[in-house]
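Trainee: Following the hints, complete the assembly by docking chains B, C and D onto the known chain A.
Number of protein chains: 4
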Amino acid sequence: MISSKQESSAGFVPLYNVRTDLALEARELVQQQTAAEIPGITSENLQENGIAINRLEIETEQASRQLGKSEGRYLTLEVPGLRRKDAALQDRVSEIMARELVRFLRLPENLDQSVLVVGLGNWNVTPDSLGPKVIEDLLVTRHAVAAGQKILGDGFRAVCALSPGVLGTTGIETGEIIAALAQRVKPALVIVIDALAARRLERLHTTIQVADSGISPGSGVGNNRLGINRQTVGAPTVAIGVPTVVDASTIAGEAFDALADHFKKDARGHALGNVMKDFDWEQRRLLITEVLEPYAGGRLMVTPKETDAFVEDMAYIISAALNSALHPRVHSEGSEKYLQ
Amino acid sequence: MISSKQESSAGFVPLYNVRTDLALEARELVQQQTAAEIPGITSENLQENGIAINRLEIETEQASRQLGKSEGRYLTLEVPGLRRKDAALQDRVSEIMARELVRFLRLPENLDQSVLVVGLGNWNVTPDSLGPKVIEDLLVTRHAVAAGQKILGDGFRAVCALSPGVLGTTGIETGEIIAALAQRVKPALVIVIDALAARRLERLHTTIQVADSGISPGSGVGNNRLGINRQTVGAPTVAIGVPTVVDASTIAGEAFDALADHFKKDARGHALGNVMKDFDWEQRRLLITEVLEPYAGGRLMVTPKETDAFVEDMAYIISAALNSALHPRVHSEGSEKYLQ
Amino acid sequence: MISSKQESSAGFVPLYNVRTDLALEARELVQQQTAAEIPGITSENLQENGIAINRLEIETEQASRQLGKSEGRYLTLEVPGLRRKDAALQDRVSEIMARELVRFLRLPENLDQSVLVVGLGNWNVTPDSLGPKVIEDLLVTRHAVAAGQKILGDGFRAVCALSPGVLGTTGIETGEIIAALAQRVKPALVIVIDALAARRLERLHTTIQVADSGISPGSGVGNNRLGINRQTVGAPTVAIGVPTVVDASTIAGEAFDALADHFKKDARGHALGNVMKDFDWEQRRLLITEVLEPYAGGRLMVTPKETDAFVEDMAYIISAALNSALHPRVHSEGSEKYLQ
Amino acid sequence: MISSKQESSAGFVPLYNVRTDLALEARELVQQQTAAEIPGITSENLQENGIAINRLEIETEQASRQLGKSEGRYLTLEVPGLRRKDAALQDRVSEIMARELVRFLRLPENLDQSVLVVGLGNWNVTPDSLGPKVIEDLLVTRHAVAAGQKILGDGFRAVCALSPGVLGTTGIETGEIIAALAQRVKPALVIVIDALAARRLERLHTTIQVADSGISPGSGVGNNRLGINRQTVGAPTVAIGVPTVVDASTIAGEAFDALADHFKKDARGHALGNVMKDFDWEQRRLLITEVLEPYAGGRLMVTPKETDAFVEDMAYIISAALNSALHPRVHSEGSEKYLQ
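Chains as they are written, first to last, in this note's numbering: chain A, 1 to 340; chain B, 1 to 340; chain C, 1 to 340; chain D, 1 to 340.
The hints are simulated quantities; they were obtained by calculation from the structure and are not laboratory data. The model shown is predicted, which means the values in this text are computed figures rather than measured ones. You may find that some hints are simply not true.
[Claimed, not checked] Cross-link-like lysine-lysine pairs, in silico, BS3-like; alpha carbons within 30 Å at most: (1) LYS305(C) to LYS305(B); (2) LYS264(D) to LYS265(A); (3) LYS265(A) to LYS265(D); (4) LYS85(D) to LYS85(B).
This is chain A alone, in the form it adopts within the complex (with noise of 0.2 Å):
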């Protein structure tokens, strides 16, 4: 999406056909491309009982154009224990998503004002699905509050919630459905679920991100044609995700450095490491293509065999989550009391 010739005049360097939708990953690129600090970003870090906590905010336009990912504040939890099914810790991951998200959202005192939740993505592709499980267990309550409904009690905010499906089902941009939608309901904020694609394996179902800037044009599994985020939709927009996949170029395209690396070492193959370290860009994009190509490049994704079993678990912690974050009820009372 970035020309490298236009970007290396201008001193920085590209994220060459890695795709990326986590900007600590994009981040992290950058940095080990550049060996530097990137101005314009500000990132602090916490560990927690086997979770890290990264609080980042991209503050600049240059930062912003750098990592490739829009200006605003990025929340990531990161679990590597989650891969093993540890019924505790996904609890514990709930816990403290709720805590930061409470932080994060900064939602209005009045409980009638009402929060949109919508799960982006294709129910009938398993990596995909993530968002449509969410709101299958999220605890909906607009119509309830809107009745000053007795049955509910007090210390519920009002919460409505849709499952669009794709582009390829409605015939609707997503984005056009979520701001239609918002026009009528006039949500104080939009929460939308969405699975991601990460560049490293290790963060497949162990990585949260949730983004206030919202959706980016061609991010996530299904790749949205338009970006969903404050601009389009008309309303504060946050974007919570979890990587599901690995594009297959980017697979391929690790195997060609990996092969770089090996080379490298290799006193034989020093020469060769050399010639590959000249192997430009453009080449390595053309190969990838080639390989790729029998089922036009870049629209096969990477993913592991197990990938229903941990988009269940990741749609139960971040439901769990947002219950609690956005009823104060649920979360003075604990949130398994009101998973549906």
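Mentor: Just chains B, C and D now, kept in the frame of chain A:
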């Protein structure tokens, strides 16, 4: 919904406690009770290959009140043979329905003017899942037509679709969601698909109703609280429905009536038959409520055990008919070629 | 199933036309009709925190015939409060059910002796989907235990599971499939989960029955044609069931009875009440058949509209109770930690 | 699975690190590496209307070892056009597949001798759901044929079916479940349907393989641990499969090879090309493992994003072909009439 006293004085017979979403049945009931033609209604019947076609029009406000159905045109197909899984008959019904839809819908010649099809109902409740199932098999083209996409070729109308779910899962009235979307997409026509309640068991899964008055408040298996029609949606709205349930109170009422009939025929019971004749509608209603009360009466539905297979079949018939009626190309080449 | 004449002469009252899969209801009915204790039955009642526990034993063949239920032990939990979605109550029911199951099942101490759990019923028909839904949340361990897998650790029993579907989708009697599998796997115990039919609407989704006599022919929502029990399966077979439907003929019958009761109380209708008293069971049965005939009477079920949410809740309760009762480790650490 | 040293001394080239479940690809690979015909294999090719038909027979043990595929007959249909959703082509493939299946399966004339069709794989993982989806559309008749049921009429074979799930959800090896059932049902033939892994991306969702050797240990998307074949099942076993994934390690390997090829063509890189030629297979394998290791290498699959629609289409084609090949009546009247 209509108090008996008031209406009796007005001179016509109300549909005491009988719940039906079919205009055909409402008319049948009133005729049965009044033993006379109802003014303000025109009706036309055709019989074709085991398919009974009825074209009904409710033309006056008085007829509308008498039937408890909105003014407008109603097309009804009755196909008792559908209860036996006969694939050839299914195809015939699809074709005839497509032909009747073309006549009924009066679609604009300009294929760029979009049609929005909405599948009402709850995915997770079998007899309420007709709408979402129809959407699954619908040929959705708006995004391709808008992009002037060359892949599709000519002869396709811009069709878009949504299965929004129900109030309990979204927190938003379905009518609101459709209105919001219609305001954005500006469709020439909105078509809503819904599962209905009938009075007669023999009509379950064998009858299709098309109505240009949209959907009335309180109708459908899921009891939509607001109506979904031209007024609420802001665009012409046609409803397509299939009865998949009978209300439990209807069954209880039929049991009463069968008993009364039985005694009327019986010599000894003749006196009783007379007593029952006096047994007034209010007492009858109270008694039925009492029988069903342990389950908050009226929220109970009667449905056949094989409902899943029947709903599947009817969804297939309707989506094939819609694909053919909406897309001139599908109409000319045969719908099965385009079923997804 | 029992002709009235024959049984009357035998001196006890048959369950005219009332379909129930609950031993508790069968007993209730017979007691109601005979106004006397039934010999050959022992029964014990406990009340705990809004949960009524009944331990029933049918000890003689005569009692078995009178109730129309197999000899054996029946454990029934009644929890009217479950109709209001109360997560804390659900957890309490799971815990008490686990405790009662441990007592009821008398499992072998050797954890290597496997237990086979079978989810009966049809995935695609909501009120018949209890069995498959329980299996989804079950902690399946046989392959890990067999491999001496170190990941799990100690304290897990070898549990295996299957949701075979129904006769219409497999072409094989479910009892045959289980018997075939049991012959191979040699489980110490087979547990089958099934959705049941009740007589009383208030029992829908609020009652759990555990029976060591397995499943009788013709019972369950799907009407299993053969029984599933020790004889047919070749291993001890315990059935766990929840009523999710009432037969339409039961509702029609209740309507008759309510009408008769009404007239009995009414001065003017007293004569009628008497006539109805004479109105014999055969006439009553014929009339009900007539009411429901348009839909091949008896294959119709009455179920609440919110059946999906209730089935989901009951499946959660049962799988949590089973995980705890079957695996000592889960029992000691709390079941929610191991729910998948 | 084959150590390189040992096999090199035996004089033929092993399939280093390339995973394919297709006999056709295994043969292609070996021919590519040896640049010679493989003894012990007969092969016949047909081209019909955009459908390439290959009939392959592996006749000797040596050929079997060289290809890493069991001795037996393999029928392969390759239809690149299926990637474009062309319903007319789908029907043509179904018809030709039905014709070829009749020839391949050599079914008994007696229609009472049953055929057991088993859908392998995991419902909840899209690219592994082919088997269960085929079963959904299969015309199951064993119970009706057994009952001498008059509804169906003549011309139907006794077909039964099961989708047992996977080891992780049952705790029982799928081969064990099938063997247990086969022992009881005594089918004349067992047909298993499974999703496969291919080497070539262009074969995904465009290729169907039928093999009378059943399923090899470790093959399929879900990596069945034991084989499923005549020996393990106790009845003749035919496997029908469609590749829906490529192993991530295959993609990484292809990236290596593309790079080597690139340098071979390049003047400057010629030296490098030579070095890479020496770069031995063990090093290559280690490097690939390293690239994929963060995700416990080898459990990663590459699949197109539209996998859901393609799996749906292939399931439709296969079930239509099976219905026609198994039931003479469907064959003569056209399969679409009997698709459920």
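Trainee: State for each hint whether it applies.
Mentor: So, going through the hints one by one against the coordinates:
Using a Cα cut-off of 30 Å, the hinted pair LYS305(C) and LYS305(B) holds, with the two alpha carbons roughly 15 Å apart. Distance hint between LYS264(D) and LYS265(A) is fulfilled; the C-alpha atoms sit about 21 Å from each other, no more than 30 Å. Taking the CA atoms of LYS265(A) and LYS265(D), the gap is about 24 Å. The hint holds against a cut of 30 Å. Restraint check: the Cα-Cα separation between LYS85(D) and LYS85(B) comes to about 28 Å, which is no more than 30 Å; the hinted pair holds.
In this structure, none of the earlier numbered hints is contradicted; all agree with it.
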